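Sequence order for the protein chains is A and B. Residues in the first sequence are numbered from 191 upward in steps of one, following this note's numbering. Residues in the second sequence are numbered from 1021 upward in steps of one, following this note's numbering.
Calculated from the structure, these hints are not laboratory results. Quantities reported herein were computed from a predicted structural model and do not represent experimental measurements. Even glycine gets a Cβ: it sits at the ideal position worked out from N, Cα and C. Do not rely on the hints blindly, as some may be mistaken.
Computed Cβ-Cβ distance ranges for the label pairs, DEER-style [stated by the list, open to error]:
{"hint": "1", "chain 1": "A", "residue 1": "Pro287", "chain 2": "B", "residue 2": "Lys1174", "range": "50 to 56 Å"}
{"hint": "2", "chain 1": "B", "residue 1": "Lys1174", "chain 2": "A", "residue 2": "Asp275", "range": "42 to 48 Å"}
{"hint": "3", "chain 1": "A", "residue 1": "Asp248", "chain 2": "B", "residue 2": "Lys1195", "range": "43 to 49 Å"}
{"hint": "4", "chain 1": "A", "residue 1": "Leu361", "chain 2": "B", "residue 2": "Tyr1128", "range": "18 to 24 Å"}
{"hint": "5", "chain 1": "B", "residue 1": "Leu1055", "chain 2": "A", "residue 2": "Pro245", "range": "34 to 40 Å"}
{"hint": "6", "chain 1": "A", "residue 1": "Ala318", "chain 2": "B", "residue 2": "Val1047", "range": "41 to 47 Å"}
{"hint": "7", "chain 1": "B", "residue 1": "Arg1139", "chain 2": "A", "residue 2": "Gln305", "range": "54 to 60 Å"}
{"hint": "8", "chain 1": "A", "residue 1": "Ser294", "chain 2": "B", "residue 2": "Ala1177", "range": "36 to 42 Å"}
Covered stretches of chain A, as calculated for chain B (at least 3 residues, CB under 8 Å) [claimed, not checked]:
{"hint": "9", "segment": "201 to 212"}
{"hint": "10", "segment": "241 to 252"}
{"hint": "11", "segment": "371 to 379"}
{"hint": "12", "segment": "383 to 391"}
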Amino acid sequence: MPAVKIKRASSSVDMTAMTDVAFLLLTFFILTAQFRSQDAAAIETPSSISGIKVPDSDIMTIGLGRDGKVYFGIDNQQHRLEMLDNIAAAKGITFSPKEKNEFSLMSNFGMPINQLKSYLNLPKEQQAKVKQPGIPTDSTGAAPTNELKDWVFNARKANNGLRIALKGDNLAKFPEFKNVLATLQAQNINKFNLITGTEAPPAGWKAD
Amino acid sequence: MAEINTGGGGGKHDGGKVRSKKASTRVDMTPMVDLGFLLITFFILATTLSKPSSMTLNVPDKTKTEETEPIKASNVMTIFLGKDNKAHYIFGKAANEDPEVKTVSYGYDFRQAIQENARKVAADKFVVVIKPTKLSTYKNMVDVLDEMAITKTKRYALVDQLTPDEKKMLKDKVKIDV
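Use the sequences and the hints to build the structure in full.
This is how it looks when you write it as structure tokens:
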């Protein structure tokens, strides 16, 4: 009696289904996701139960890093250029077209205006390495050294419909937040958003 | 891939017609899967999915001074945000009346303390005054504002100046120097 031979299964697996799944997921990700912008500093925001989403457009973001440095950015490239033109005219600085173009690509930045020009002339790889010192602020909100107020003013001049979002780091100290608040209040801006992560409200909690 | 092409082979050697070899209809999908997952990985890493939420904060106009009715100290819970993620609160008394200072950490304790005090006064009279000190962090402030939303406290104020009485009280009773 001959030995019973086990029929060997083909080692080739049908990958069609897997391809289907992979590309389905791919399509999903391409359609839903938006690209992460290159930020001047990593900011870890606290979370809240608030369910209001941050608007997509017409938004001015003031970042507050963990070391108290202030970063600033607006969303629209065109308005960014206008803002730069406005502030350059006010401060008596001129920017070359290349510098302007470079600036329009920065989603946010944190440096005094007199350092901005040399920063914009650096090659891309070196820009990433530069430690940005943050935008100067102060506790009164209206002193001549407070550059944040100039940026806010000129950004609003470029786009009047800007909403203001404050993005603070978990570990940022309160006095620094107070300086930002004072700057805004000095310009009579009394309504703004605090950007937070999302957390689930406690059980049984209902929004009014 | 280790696929053995069986059957359908050409060239029969026992005479007859020579047939052209029929190609297998099966396409090897492996590289396609590789590519698909590579792209997925890229998109997961390069994009953000969850949009951050935001809480609105309205602060009173500094340029205008509005006359409001003074609030009774007996309805007010004053919260001082101290260091090391601790909050201190007094309830029902002003700082110069030797109130009892209680210390809570953020989270459940805090919420309970607010709810407890809120029950002691009429619902529309309860006022929370939040006083962040310079030792507190931004997170502490957001947590407290969030707590206001959770406990549905309608009347609260964010005050960034401490009176000399309050400074003295915090120094004497909870040993923080603000």
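To see whether the hints hold, each was checked on the structure:
Hint check: Pro287 of chain A to Lys1174 of chain B, Cβ distance near 53 Å, so the stated range 50 to 56 Å holds. The hinted range of 42 to 48 Å is satisfied by Lys1174 of chain B and Asp275 of chain A, whose Cβ atoms lie roughly 44 Å apart. Distance hint for Asp248 of chain A and Lys1195 of chain B: a CB-CB separation of about 47 Å, consistent with the stated range 43 to 49 Å. A C-beta distance of roughly 22 Å is found between Leu361 of chain A and Tyr1128 of chain B, which places it inside the suggested range of 18 to 24 Å.
Take Leu1055 of chain B and Pro245 of chain A: their Cβ atoms lie about 36 Å apart, and the range 34 to 40 Å holds. Between Ala318 of chain A and Val1047 of chain B the beta carbons are some 43 Å apart, a value that agrees with the proposed interval 41 to 47 Å. The hinted window of 54 to 60 Å between Arg1139 of chain B and Gln305 of chain A holds, with their beta carbons roughly 55 Å apart. A C-beta distance of roughly 41 Å is found between Ser294 of chain A and Ala1177 of chain B, which places it inside the suggested range of 36 to 42 Å.
Coverage of a stretch by a chain is defined here by at least three residues with a beta carbon nearer than 8 Å to that chain's beta carbons; for the segment 201 to 212 of chain A and chain B the count is 8, and the condition holds. Proximity of the segment 241 to 252 of chain A to chain B, defined as three or more residues with a beta carbon under 8 Å from a beta carbon of that chain, is established by the 4 residues found. Closer than 8 Å: that is the beta-carbon criterion, and the segment 371 to 379 of chain A has 4 residues meeting it against chain B, so the requirement of 3 holds. For the segment 383 to 391 of chain A, the assignment as covered by chain B holds, since 7 residues bring a beta-carbon within under 8 Å of that chain's beta-carbons and 3 suffice.
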